[in-house]
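Just so you know, the sequences run in chain order V and F. Each residue of the first sequence is one higher than the last, beginning at 1 in the working numbering. Each residue of the second sequence is one higher than the last, beginning at 1 in the working numbering.
Among the hints, a few may not be true.
Said to hold, decoys possible - With a cut-off of at most 27 Å between alpha-carbon atoms, the simulated DSSO-like pairs for lysine-lysine come out as follows:
# : chain 1 : residue 1 : chain 2 : residue 2
1 : F       : Lys57     : V       : Lys66
2 : F       : Lys57     : F       : Lys101
3 : F       : Lys57     : V       : Lys64
4 : V       : Lys64     : V       : Lys20
These are computed hints drawn from the structure, not numbers from a lab.
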Amino acid sequence: GAVVSQHPSRVICKSGTSVKIECRSLDFQATTMFWYRQFPKKSLMLMATSNEGSKATYEQGVEKDKFLINHASLTLSTLTVTSAHPEDSSFYICSATLAGGPSLADTQYFGPGTRLTVL
Amino acid sequence: TQLLEQSPQFLSIQEGENLTVYCNSSSVFSSLQWYRQEPGEGPVLLVTVVTGGEVKKLKRLTFQFGDARKDSSLHITAAQPGDTGLYLCAGVDGYALNFGKGTSLLVTP
Numbered sequence: 001g002a003v004v005s006q007h008p009s010r011v012i013c014k015s016g017t018s019v020k021i022e023c024r025s026l027d028f029q030a031t032t033m034f035w036y037r038q039f040p041k042k043s044l045m046l047m048a049t050s051n052e053g054s055k056a057t058y059e060q061g062v063e064k065d066k067f068l069i070n071h072a073s074l075t076l077s078t079l080t081v082t083s084a085h086p087e088d089s090s091f092y093i094c095s096a097t098l099a100g101g102p103s104l105a106d107t108q109y110f111g112p113g114t115r116l117t118v119l
Numbered sequence: 001t002q003l004l005e006q007s008p009q010f011l012s013i014q015e016g017e018n019l020t021v022y023c024n025s026s027s028v029f030s031s032l033q034w035y036r037q038e039p040g041e042g043p044v045l046l047v048t049v050v051t052g053g054e055v056k057k058l059k060r061l062t063f064q065f066g067d068a069r070k071d072s073s074l075h076i077t078a079a080q081p082g083d084t085g086l087y088l089c090a091g092v093d094g095y096a097l098n099f100g101k102g103t104s105l106l107v108t109p
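Take these sequences, add in the hints, and give me the full structure.
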């Protein structure tokens, strides 16, 4: 149980276009989803925390107008990278927490990640 | 954001050797987690340690949480090529996970 999927797994786009990445909790309801960014052989950097039905909370330094997050249901959150540029190329990973879990932070289930390459 | 330092950053050993990875912080965490990540995939949770001084074992992996809950270690006994990957520690800080920079482990046959 507690499987999180991401789609697509890989995407290549031209500079200036927008890309949408989906994060789904397949067999559980997720009140909170997190979006991370990871550079090659580097750690995961939290970008934003997304709660179902409300606006996402962005970490310092993350442009909310560039990285649009929508969490419309308890099983789906989307990250849209708007007007993508080569520096946005990265590995984007989402995680989801079980609704009603005892501790939101330490019950995160991670998706397999999406590799974004902007040409 | 509370910083977590991991050492070593890279480690290349031969099959059968033992190794220890360290995760240190100046901050106290309510709990700490260790993850293993393979290239192109998301991290997979190995263990959560909660109590200061706690020791948990997962087959050949031994995890220890420092008494002050600021640091942790991961010890692998008789490493195997299948242990190759990026090992990440993450401190639980309220609703978020603060990840260390990771230790990239390569175990060669």
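>> Name the hints, by number, that the structure is in violation of.
In response: Hints 1 and 3 are the ones this structure does not satisfy, whereas the remaining hints hold.
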